[in-house]
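Peer 1: Sequence:
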Amino acid sequence: MVFCQGPGDRRWVLKTTRPQLANVGMVSLSQTEPKTITVLMFSEQVRMEDIKTWLQQRSTVIHGYEMRDEDGIRTGGRRFFVQLKRDLRTGEIQHLPPVIQLGAIRGHVFYPGQPKICHRCGSQQHLLAECHNIHCRNCDSKEHLTKNCPDPVKCNLCGESGHTFKTCPSSYANRVKKTPNFMKAKRQMKKVFPIF
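Position one of the sequence shown corresponds to residue 3 (our numbering), numbered consecutively onward.
Calculated directly from the structure, the hints in this document are not laboratory data.
Check each hint, because a few of them may be wrong.
Below, in silico cross-link-like pairs of lysine-lysine (DSS-like), each with a Cα-Cα straight-line distance of 25 Å or less [what the hints assert, rightly or not]:
no.	residue 1	residue 2
1	Lys168	Lys180
2	Lys54	Lys156
3	Lys54	Lys118
4	Lys149	Lys168
5	Lys179	Lys54
6	Lys54	Lys168
7	Lys168	Lys179
Quick list of the computed label-pair ranges, beta carbon to beta carbon [unchecked claim]:
no.	residue 1	residue 2	range
8	Glu132	Tyr67	32 to 40 Å
9	Gln22	Ile75	54 to 62 Å
10	Pro36	Gly78	28 to 36 Å
11	Arg88	Asn150	19 to 27 Å
C-beta atoms are modelled at their ideal positions from N, C-alpha and C, and glycine is treated no differently.
Use the sequences and the hints to build the structure in full.
Peer 2: Below you can see the structure in the form of structure tokens.
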């Protein structure tokens, strides 16, 4: 088995032009799985569980952890081991978007073999600096910008309409608030510290 970068790689070209290499198996490096994904979000407001929920919409999360420096201090990075999903029709890998946004907080997703895409419209043909396309992130329309979208706002954690990340039932903070022990602890905190 030979690993290569894909159809543009010299080894891939040699395989297609030389009959003696016909029986050599080639696997594109961008399609080897599972992937090690790094997510950088420099905010303590976004929980590890929420990033995992966002990733599970687009991949199968095996496990993850928070990255820390040599002194044990959080760096804002999270590392996940994921299995990327494949398109059911074509069988091709569905890559993760390079940007994660949960509420007003934006972060970056990167991994080896990730294709470079336009952050506005998602095209692999150009980057954001050359993009002249109109694209709505809320409804995926090519006719208007997100700020002019007539549709109700979609949650950028679960993708459903009718609520935002702050009120999302899948959000870690909202799931914890619904547990009986959380409400009991909150009432006890009010008795001890009336300012809460």
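Peer 1: All hints are to be evaluated individually against the structure, with a verdict given for each.
Peer 2: Structure-based check of all given hints:
no., hint, verdict
1, Lys168 to Lys180, "14 Å, holds"
2, Lys54 to Lys156, "18 Å, holds"
3, Lys54 to Lys118, "23 Å, holds"
4, Lys149 to Lys168, "19 Å, holds"
5, Lys179 to Lys54, "19 Å, holds"
6, Lys54 to Lys168, "16 Å, holds"
7, Lys168 to Lys179, "12 Å, holds"
8, Glu132 to Tyr67: 32 to 40 Å, "37 Å, holds"
9, Gln22 to Ile75: 54 to 62 Å, "55 Å, holds"
10, Pro36 to Gly78: 28 to 36 Å, "23 Å, violated"
11, Arg88 to Asn150: 19 to 27 Å, "34 Å, violated"
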